[in-house]
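Peer 1: Protein sequences, first through last, are from chains A and B.
At position 243 of the first sequence (counting the first as 1) the number is 243 in my numbering, and the numbers step up by one without a gap.
At position 336 of the second sequence (counting the first as 1) the number is 336 in my numbering, and the numbers step up by one without a gap.
For the record, the hints were derived by calculation from the structure and aren't laboratory data.
Be a bit skeptical, because a hint or two may be false.
DSBU-like mimics (lysine-lysine), calculated; alpha carbons at most 35 Å apart, straight line [what the hints assert, rightly or not]:
no., chain 1, residue 1, chain 2, residue 2
1, B, Lys-714, A, Lys-179
2, A, Lys-700, A, Lys-314
3, B, Lys-176, A, Lys-176
4, A, Lys-691, B, Lys-682
5, B, Lys-658, A, Lys-682
6, A, Lys-459, B, Lys-314
7, A, Lys-714, B, Lys-700
8, B, Lys-176, A, Lys-459
9, B, Lys-179, A, Lys-700
10, A, Lys-691, B, Lys-714
11, B, Lys-691, A, Lys-314
12, B, Lys-512, A, Lys-658
13, A, Lys-314, B, Lys-682
14, B, Lys-691, A, Lys-714
15, B, Lys-179, A, Lys-691
16, A, Lys-700, B, Lys-700
17, A, Lys-700, B, Lys-297
18, A, Lys-179, B, Lys-459
19, B, Lys-314, A, Lys-682
20, A, Lys-682, B, Lys-459
21, B, Lys-249, A, Lys-691
22, A, Lys-691, B, Lys-176
23, A, Lys-444, A, Lys-249
Computed from a prediction, not measured in an experiment: that's the story for all the values here.
Protein chains: 2
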Amino acid sequence: MASLQDIGVAAAINILSAFAFLVAFAIFRLQPLNDRVYFPKWYLKGIRSSPTHSGTFVSKFVNLDFRMYIRFLNWMPAALRMPELELIEHAGLDSAVYIRIYLLGLKIFVPLTVLAFAVLVPVNWTGKALENINDLTFSGIDKLSISNIPSGSERFWAHLVVAYVISFWTCYVLYKEYKRIASMRLHFLASVNRRPDQFTVLVRNVPPDPDESVSEHVEHFFCVNHPNHYLMHQVVYNANKLEKLVTKKKSLRNKLKYYQNKYERNPTKKPTTKTGFWGLWGTSVDAIDFYTDEIAKLCKEEISERERVISDPKAVMPAAFVSFRTRWGAAVCAQTQQSSNPTVWLTDWACEPRDVYWTNLAIPFVELTIRRLIMAVALFFLIFFFIIPIALVQSIANLEGIEKVLPFLKSLMKTAEDLYIVDDKPQKVVKSVIQGFLPGIALKIFLIILPTILMTMSKIEGFTSLSSLERRSAGKYHLFILINVFLGSIITGTAFQQLHSFINQSATEIPKTVGVSIPMKATFFITYIMVDGWAGIAAEILRLVPLIVFHLKNAFLVKTDQDREEAMDPGSLYFASSEPRIQLYFLLGLVYSVVTPILLPFIIVFFGLAYMVFRHQIINVYDQKYESAAAFWPDVHRRLVTGLIISQLLLMGLLSTKDAEQSTPLLIALPVLTIWFHMFCKGRFESAFVKFPLQNAMVKDTLERATEPNLNLKSYLQDAYIHPVFKDDEFERRAIDEEENNPLVPTKRSSRRSSKYGSDISSETGV
Amino acid sequence: MASLQDIGVAAAINILSAFAFLVAFAIFRLQPLNDRVYFPKWYLKGIRSSPTHSGTFVSKFVNLDFRMYIRFLNWMPAALRMPELELIEHAGLDSAVYIRIYLLGLKIFVPLTVLAFAVLVPVNWTGKALENINDLTFSGIDKLSISNIPSGSERFWAHLVVAYVISFWTCYVLYKEYKRIASMRLHFLASVNRRPDQFTVLVRNVPPDPDESVSEHVEHFFCVNHPNHYLMHQVVYNANKLEKLVTKKKSLRNKLKYYQNKYERNPTKKPTTKTGFWGLWGTSVDAIDFYTDEIAKLCKEEISERERVISDPKAVMPAAFVSFRTRWGAAVCAQTQQSSNPTVWLTDWACEPRDVYWTNLAIPFVELTIRRLIMAVALFFLIFFFIIPIALVQSIANLEGIEKVLPFLKSLMKTAEDLYIVDDKPQKVVKSVIQGFLPGIALKIFLIILPTILMTMSKIEGFTSLSSLERRSAGKYHLFILINVFLGSIITGTAFQQLHSFINQSATEIPKTVGVSIPMKATFFITYIMVDGWAGIAAEILRLVPLIVFHLKNAFLVKTDQDREEAMDPGSLYFASSEPRIQLYFLLGLVYSVVTPILLPFIIVFFGLAYMVFRHQIINVYDQKYESAAAFWPDVHRRLVTGLIISQLLLMGLLSTKDAEQSTPLLIALPVLTIWFHMFCKGRFESAFVKFPLQNAMVKDTLERATEPNLNLKSYLQDAYIHPVFKDDEFERRAIDEEENNPLVPTKRSSRRSSKYGSDISSETGV
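Bound-form chain A, shown alone (with noise of 0.2 Å):
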C-alpha cells in the first residue's frame, strides 16, 4: 500500500502536467490562428469575427501583447462570472444544467469533507488498530481510515451517526437541486419563444389502411378525432439512402477542394489520383476532372433519388409529425392513448426537428420488443464477457500470430532483418515491443470505441431522438463502470468471474467481501482521481484533437471563410460519455466518505476544477446539437441514488466484518428510506421532465392568441418537420427572412442555423 510520501509525489506529477496543460491552454489560445479553436461559439453566434483579418502580418498568426500573456489565468474568473440565466440564453438549458452536476458535487462533498475531517479522522487517527500490529507495514493513509480502528470498537457509533448525516445531507442537497431544476425547466419551457415542436406531435406505427395512403389516413384519423384542434401534419419518407449520397457526394467534394488548392498552389504540375480503392491503385487520371464527373454523376443520381422518395409510396413510413392549432391540442394528444389498440396510433411530444433520429422512426412495436430484448442480453454479455475478445485479440497479437494473419507482414520484417544484419537484436526489440504494446492497445482501443459501441445498441433498440439516445447510451455506460471499472478495481478479477463468485456467495456475503477491501483501494482511487480527473479534465480544457484537425484542414481544405467557418469543430458536451464518469467520482465520494475520508479533497478539486473548465467550454466552445431542456436530469438523480444505496451496503459489509454486527438493523433503516426518498422524488418531480401540464399550454396559447391574433401558424409549420436532405436554400432562406420579420419567433435557433447548420445544407445541396 501507498503511503502519503508516495501519493504526495504522485499529486506533484498530475498537478504538474494538469498545470502544463493549463499552461498551453492559456497561450495556445491567445494566438489569433486558434482563435476559432477555442472560440467557435461565438463565431456561429456571429458575435466574433475573425481576429485574423487586421493588424500586421506577424500579428495574424501571433499573438505579440506580452501584457496579455501575465494574465494567462483570467479566463477562469471570466468563466465564472457570466450569470446562470444569461448563460441559459448563450447556451441551451441543457449545458447549464450539466455543469450544475458538478457544483451539485461541490455542494454535497464540502460539507461532508468539513464533517469527516472534523469527526471522523480524529476518531480514526487515535484508533491504533493498526500500531498493534507490529509485522504489517502500514502507510499513513490506513492509520487516517476505518482500518485503524480495532475489532468491536465503540468507535463505529461515530462512523455509524456520520453515515446516518451523510445519507441525510445527500438526498436533502438531492431534492432541493432536483426542486430547482424541475422549476428551470418549467420556466424554460415557459420563457422559450413559439417553437415547432411545442405544436407537434409525433405519430408512430399508423396502420395500413387498404384504401388510403398514409397521408389521408393521419388526416382522417386526426380530424375525427381532435375535430378543433387538428391543423396539418408532415409525413416521414424513408430517405436513408439519399442521406447517404448526400454524405458520399460531400466527401467527393472535400477532395475536389484539396486538389484544387494543390492545384492552385503549384500550377505547374496536375495533380492526379488513382481511380481504385482511397487512390492506392487503379488507372492514374487527372485529380480535378475525375473528382468534378464523379460529383456530377452523384448529382444526377441524388435528384433521381429525390424524386422516387417524393413519388413513391412505399418510401413513405408508418409515421407522421401531427402539428395542432393550439399547444393545450398537442399537450392532449401527446399524453392520451388514441386507439384501443395501443401499439398503433402511438403518440409523443415530437422532439426539436435537429433532435429527431430519422432512421428509426418506422419500427413496428413487436420488432422493437424484440430488439430490446436482444439489446438487452447483448449488452450483459458485453459487460460480462467483453474481456474474452479482447484476450482473443491480444493472444494473436504477439509477431507469430499477426505474421500467420496478415502474411504481408512477414517480408515486412524480413527487411528490418535484412536493414539490421549485424545481428538479430533489433528484430528482438521491434518484436518486443509490438508484443509489449499490442495487448494493451487492444484493449484502449475497445474502450475508446466503447460509447459508439453502446450507442449503436441504442440505436438499435429504437429510440427516436439523439437526446433519448444519449441518455440511454449513458445508462449502459453507467453500468459498465459501475461494474468493470469500480468493482473491478476493488476485486481484482474479471467481471464474470466476479459474476460467478457473486452468484454462488450470499446476499450477506457480497457487500461484506466488496466492503472489506475497500479501505486497501484508497490510495488506487486517489491515483485514478489525479490522472483520470485532474490531468484529463486540464486536457480537455487544451482540445488537442480539434486543434490539430482544425489546422490539418485550414492547411488543405480552407479556402473561403465559409470553408473555414466549416472546419471549426466545436464539439459539443458529449452527455452518454462524460455523465456516467462523473457518476464515479459521486460514487467514490460517498464510499469513501466513511470509511477513508482523506479521499475527499481530491474529489472535490476535481468537481471545482471540471465545474470551471466545463463553464469555460460550454461559454466559448461547444455548440449543443439539440435542446432537450435537461430531459436528463431524472436519470441522474436516479444514478445519484443508486451511488448512495452502493455505498449504505457496501458500508454495512464493512461494519459487519469488523464486529460491529449490532449496527445492521440500524444501517438497513438507511437504504429503505433512500428507495423511499427516490419514490418520492420521482413522484414529486418527474412528470416535469416527461409531461407538458395543460395549464402552462393554455396560458402560452392565451398568450399567443393576445398578442397575435393574425398568426398564419400553418406557414410557420409547413417545412418544420422535414428530413433534412430535403430543406434547400430556398427554403432555408425563406424561413429566416419569414422570422426575421417576425419579432416573436425565435431568433436564437434560426441564428444559429443560419450560421451553421445553413451553411452546411446550403453547401451540400446547392452544388
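Fit chain B to the given chain A structure using the hints.
Peer 2: Structure of chain B alone, referenced to chain A:
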C-alpha cells in the same frame, strides 16, 4: 412419505365429504324456505318472487315434489348453460372474467397433463433409481416422480424439453387470454349505456386558495383549462361522522324491531332492556320506548350534523368530481397532467359512484407516500414475523396465563371444580382441552382475519375505490401465501427462519435448497388440494353461514317483505382473498408438472369443480358491489407469470442437484424469455385496462349526439357523485323516475339499486 394407497384413502374421504356437501346443497336449495339464500340474485333483479306466497301451508316450508330430488344434480348443466354474453349481461364483466380464471386453469393444465402422462410418467417409471436403494422405503408416487431418475441420467433431456413445452404453452394460452379479455373489456366499455363515470374525473389535492372556496377554485380552474369541455363539478364532503351516526341508527332500528316483534308475539309481557353496555347492566327500562327515544335523539343529531357538513367550509375536502360535456373531454382530463406541480390537481378516471371509497379522498401527496412506506415496512414484518405475536398469544393461552390476564376466569374454574368435587380429573380434562385447543385457535383466527388486516392496510395506503383496494389487498395476500404457505410448506420453519437462511445463502443455492425438497412434498400438496380445493369449494356452494344468519334474522327481525329482502345476504366474489388462493393452484400445477405429474389431475378436478360452482354462484347468488370491467386482469396475468418463473427457477435448482448442471444454460433462457413475454404483454395490452382511448370516446359521443340531440346531461349528472348518506328518498325516487322515462339510460344499475340499495337507503334515512 405417503403411498398411493394413503392418498387413495384421503381422496376417498375428501370426495365423500365434497359429495356430502353437494347432496346437502341439492336438498336445501329445493326448500322454499331457503329460496332467498340460494337464489338472492334473482330476487334482487326482481325476476323471482317468493315461493312461500303460494301453495299449501306445508309446501311453504318443505318441498314435497320428490321428482325434483331425483334430479338433484341438475344445477350443474344449468350453471354451464348460460352463454357468456348473457352472463356478462346478467352478472357483470368482473364476475364473468373471474370465472374465466378457472377456465384458464383448465386450458393450461389439461393439455399439459396429457403431455406429462404421455412422456414424463413412462420416463420416470422406468427410471429405476429408487429400486437400487434398498433400505429406503419409497412409495408409488415417488416412482412416478423425477426422484426415480438416477443422477446424471440422459433422461433429464425429456424433462428439459417438457419444461420448454410447458413454458411456451402457458405463455401462449396467457397471451390469447389477455388478448381476449382486453377485447372483452373494450367491447364492454363500448357497449354499456350512459353512466356517470364516463363523463367524470376525480380531481384530488386541489391546492388551497386564500380567496376562493374549494368549489369556486375547481370551477375556475377547469373553466380556464378545459374551456369547451367542462360541464360541472361536485365537491366531496367529509361525512365520516355522519356516516357513523347513520350506521348507529340502523343498528338501533334493528333492536327496536326485535323488541317490537317480541312484544307482538307475546303481548302479555312488555320487553325490557338495561341502559348499560350491550344491555348487560344498568337500570331496567321499557325496551320499545327506550329505543324509540334513542332513535329520535339520533335523528336530531343526524340532522344537525348534516346541516353542519353542508354549511361548514371546513367539511369540504380538497377533492371534487368534475364532469365534462363529452366522454372525450373526460378522457383527455383523466389522462393528462393539469398543473406544473404534479402533486396538485391530480386527475384520474372517477370510478363508478358505488365503487368510491369516500374516506380516502382527501389525503395529500406527501402523506400518501409516507403511508405507503410505513405499510410496505409493516407488510414485510407481517409476512416474516406474523408468527411472533401468535406465539405470544399461544404462550398465555394456557390456563395459568389466562387466569392471570382475566382473573374472573379463575372463579369460573372454581365453580367448575365445585361441580366436580369427586376428584380433579374433570378439571384436568377441561384444562387440557383448552390448552390443546387455544394455540391452534389463535393461528386459525389470525388466518381468518388476515384478509381484513390486509384490507385495512390497503385502506391506510389511501386508495380511493373499492376495486383498487381489493386489487391491492390481493397483491399482499398473494405474497403472504407465496412465502408462508408455498415456501413454508416446502421448507419447514417460519418465514423468518427461511428469510434468515436465504440471505445467508448464495443466489444459486436458494433454488437448489427449495428445488430439492419439492418432490418430497408432492403428497402433502395433493392432500392440501383435496381438503382446501375439493371439499372447500363444495362447502362454498352450501353457504352454511349465510343460511344460518338468514334464518336467525328471519326469526327475529323480519316483519315486512322489505325486511326479508334486507335480511338476504347475497355476498359477492371477494377478489382480495379468493384470487390469490387460485394463484397457489396455478403455481403448484406449474411447479409439479415436470417434477411429479401425478399431481396434475387433482388440480384439474379442482379447476373443473370450482368453475362449475362459481358459475352457479355468480348466476344465482352473488351480487357484486361494483363493476370495474375486469380491471384486475393485469394483476392476475402478472402473478401467473411470476408463478411460471418460480417454477422455472426451482426446476433449474432441482436439476443442478441431480448432476444435470449442463442443463442450466438451457434453462436460464426460460426465465429471460418469460420476463420478456411479460413486458411484451404489458406494452401490448395493459393500457386497455388503465386508459380509455380517445377514438372510442369520440365514437360514443358522436353516436349519442346523433341519437339524443336534446339530452340534458347536467341534470343526469347532478347528483351522481353525492356521498351515499346525503341521498334521500326523494332524490332516489326522482332519479329512478327520470331513468325510467328515458329509454337509453341504464336500467340494470338503477333497477338493482332501486331494489336493494334504494330500499337500504330509504329505510335508513326516512325515519
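Peer 1: Taking the hints in turn, state whether each one holds.
Peer 2: Outcome of the hint check:
1. Distance check on the hinted pair: Lys-714(B) and Lys-179(A) sit about 41 Å apart at the alpha-carbon level, beyond 35 Å; violated.
2. Pair hint Lys-700(A) plus Lys-314(A) does not hold up; C-alpha atoms about 39 Å apart against a cutoff of 35 Å.
3. With a CA separation close to 48 Å, the supplied pair Lys-176(B) and Lys-176(A) exceeds the 35 Å bound.
4. In summary, the hint linking Lys-691(A) to Lys-682(B) is supported, as the alpha carbons are separated by about 21 Å, within the 35 Å threshold.
5. At most 35 Å may separate the alpha-carbon atoms for a hinted pair to count; Lys-658(B) and Lys-682(A) exceed this at roughly 46 Å.
6. A hinted pair counts as satisfied when its Cα atoms are at most 35 Å apart, and Lys-459(A) with Lys-314(B) does not qualify at roughly 55 Å.
7. Distance check on the hinted pair: Lys-714(A) and Lys-700(B) sit about 31 Å apart at the alpha-carbon level, within 35 Å; holds.
8. Distance hint between Lys-176(B) and Lys-459(A) is fulfilled; the C-alpha atoms sit about 31 Å from each other, no more than 35 Å.
9. This hinted pair does not check out: Lys-179(B) and Lys-700(A) have alpha carbons roughly 41 Å apart, beyond 35 Å.
10. For the proposed pair Lys-691(A) and Lys-714(B), the alpha carbon gap of about 31 Å is at most 35 Å, so the pair holds.
11. At roughly 33 Å between alpha-carbon atoms, Lys-691(B) and Lys-314(A) fall within 35 Å of each other, so this suggested pair holds.
12. Proposed proximity of Lys-512(B) and Lys-658(A) is supported: the alpha carbons are some 31 Å apart, at most 35 Å.
13. With a C-alpha separation of about 31 Å, the suggested pair Lys-314(A) and Lys-682(B) falls inside the 35 Å cut-off, and the hint holds.
14. A distance of roughly 31 Å separates the Cα atoms of Lys-691(B) and Lys-714(A); the hinted pair therefore holds under the 35 Å criterion.
15. With a C-alpha separation of about 29 Å, the suggested pair Lys-179(B) and Lys-691(A) falls inside the 35 Å cut-off, and the hint holds.
16. At most 35 Å may separate the alpha-carbon atoms for a hinted pair to count; Lys-700(A) and Lys-700(B) meet this at roughly 31 Å.
17. Our distance criterion of 35 Å between C-alpha atoms is broken by Lys-700(A) and Lys-297(B), whose separation comes to about 58 Å.
18. About 30 Å separates the Cα atoms of Lys-179(A) and Lys-459(B), which keeps this hinted pair within 35 Å; it holds.
19. Restraint check: the Cα-Cα separation between Lys-314(B) and Lys-682(A) comes to about 31 Å, which is no more than 35 Å; the hinted pair holds.
20. Restraint check for Lys-682(A) and Lys-459(B): satisfied, since their Cα atoms lie roughly 23 Å apart, inside the 35 Å limit.
21. At most 35 Å may separate the alpha-carbon atoms for a hinted pair to count; Lys-249(B) and Lys-691(A) exceed this at roughly 49 Å.
22. Of the pairs offered as hints, the one joining Lys-691(A) and Lys-176(B) holds, with about 33 Å between alpha carbons and a cut-off of 35 Å not exceeded.
23. Of the supplied pair hints, the one linking Lys-444(A) and Lys-249(A) holds, its CA atoms being roughly 33 Å apart against a limit of 35 Å.
Of the hints listed earlier, those the structure fails to meet are numbers 1, 2, 3, 5, 6, 9, 17 and 21, in rising order.
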